[in-house]
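**Student:** Residue numbers (this note's numbering), protein chains in the order written: chain V, 1 to 136; chain W, 1 to 380.
Watch out, some of these pointers could steer you wrong.
DSBU-like cross-link-like pairs, simulated, lysine-lysine; straight-line CA separation at most 30 Å [to be verified]:
#: 1; chain 1: W; residue 1: K125; chain 2: W; residue 2: K224
#: 2; chain 1: W; residue 1: K62; chain 2: V; residue 2: K116
#: 3; chain 1: V; residue 1: K127; chain 2: W; residue 2: K340
#: 4; chain 1: W; residue 1: K62; chain 2: V; residue 2: K105
#: 5; chain 1: W; residue 1: K112; chain 2: W; residue 2: K62
With the C-beta cut set under 7 Å, the calculated list includes, among others, these residues of chain W facing chain V [said to hold, decoys possible]:
#: 6; residue: P86
#: 7; residue: T87
#: 8; residue: Y155
#: 9; residue: K158
#: 10; residue: P205
#: 11; residue: P251
#: 12; residue: F343
#: 13; residue: I378
Think of the hints as simulated: they come from the structure by calculation, not from any bench. Fair warning: this is a prediction, and the values are worked out from it, not measured in the lab. A virtual CB, placed ideally from N, CA and C, is assigned to each residue, including glycine.
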Amino acid sequence: MSKASTSTTSKISSFVLMIIFVTLALSLTALILALYAFPQNPEAAGYLLLIGFLGVGLSTYVLLQTRRRILRLRIEATSITTTIECKKCGFKSLREFQRGDYIFKEVEPCQKCNDKMLITAIFREIKGKRKEGFPS
Amino acid sequence: MDTLTVINILQSEILQWPGGDAFSQILSILFYAIFIVFIFYGQRIQMYVMLREVEGSLHKLKYIKDEGRKTTIETIKEIGKPQTDPTTRVDRFLEYFTLLPQSLDPAGVVWKLEHILDIRDARFKDEVKLMAPATDETQTNNLENTLEAAMALNYIYKIIRHFYLLGKKTLSLYIIMQIQMILPLVMREAEAYASALKAFAYGQPIGDGAGALVGAKLMYGHEKRKVPKDCVVSTVPIEGRTAYVVKAEGPGGNVGKTGDAIKTIIEENEGKIAMIIMIDAAMKLEGEEVGELAEGVGAAVGGPGVDQFKIEESILKYRIPINAVIIKEDIGDAVSPMRKEIFDAADMAIERIKQVVLEKTKEGDKLIIAGIGNTIGIGQ
């Protein structure tokens, strides 16, 4: 239940991947060529260096963007907590929500006093408060 | 002036540009070319950028819609134990529509609307029973809510797709612009419905149930009886007064007809009700805290307006004062599993109700406290 679901839409197209990797390979080649060309022709080496860095930067950016899109296409499943309390002795326990749980449902007997326990709360907690960005 | 002369002039002009080397000249020409292209095709480029943005969101909407459909079918198979594959029936259900009554002559439109909504509700329940024969009443209600969320996602996707394709077909900037501008809000709503669908499928309490939770907490441990329609009421002593606490019957996904329930209790007491207090979840504005309480007057009940109308009619007949306590949350919180802040706000709302009761009523008075909202995952 806590697993984030994925689908076929979240896969990266193999054609796009191929273009990215070809660009990356060509850019790296340009960088290597620049190293070799530097002693004989520094001007050409400069151009090759520029092309190489631009290519590496561009392909890395596109790859990261595609990955970010996949991450955005996931529906985040949140963790839901069920609180169970014993009304007699006050014993309290927390567990992950299970199908069939509802607030004020009587569940298994108390570990301490063997009296019936009650689900008193079901909620989700959001870790890390978002900043509103404007004073109240 | 012949062509050769023009080329010669252009060549000499180019060579006079600052940074006269070949690389700078190419950059300058490129800059001018881009400038000219933007003058003539700027709007079209802007339109393609917008279309691309809408297309990206449409992909996400399709994914959310497909996931919703898949979850719904899986839930039906899991708890409904159908004899046949429910996929075709679910797909047919997702296209279900409701035509609202004609309001050219508005007199009596509320009753017509109520009738249409009753038919819709009965039809939905029948469909769920056919799809999932092994379900009890609670599960039927939860499945009905799940299907409604899947239906909403399907509808949102179709509307956005319609405008996207229409914009692409007509290449009208204004059609594309309209949809691109409201897209962030639409996506927010779709994401809210996606998490609602999961909550409904598992029977988890949602933020909208904040009012119902207050009602449940007040009536817990007291005798309950059913009141029309799909509601329960308990007689609870509060600060020396007699309170009729009303909420929709849980723990299945149900909002009940609180308008009918309140009207029944008022009639049972021949109108001798000192005050009505309604508790409901309400939309917060950006910048406000989730679970913040606010107090006011009026019938705090959402939906298509039938219940609000009925409550207002009943209180007007006997001149009963009505107060409201609202628990603030946004659309995402309202339909997704209940946040801890909202859960904690229920206790604060009870304190606020007691304060109102002490301030506005006398000892021995009778009052109605109505906890409004979807009672999914909340018993009584």
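**Student:** Determine which of the earlier numbered hints do not hold for this structure and return their numbers in increasing order.
**Tutor:** 2, 4, 5, 6, 7, 8, 9
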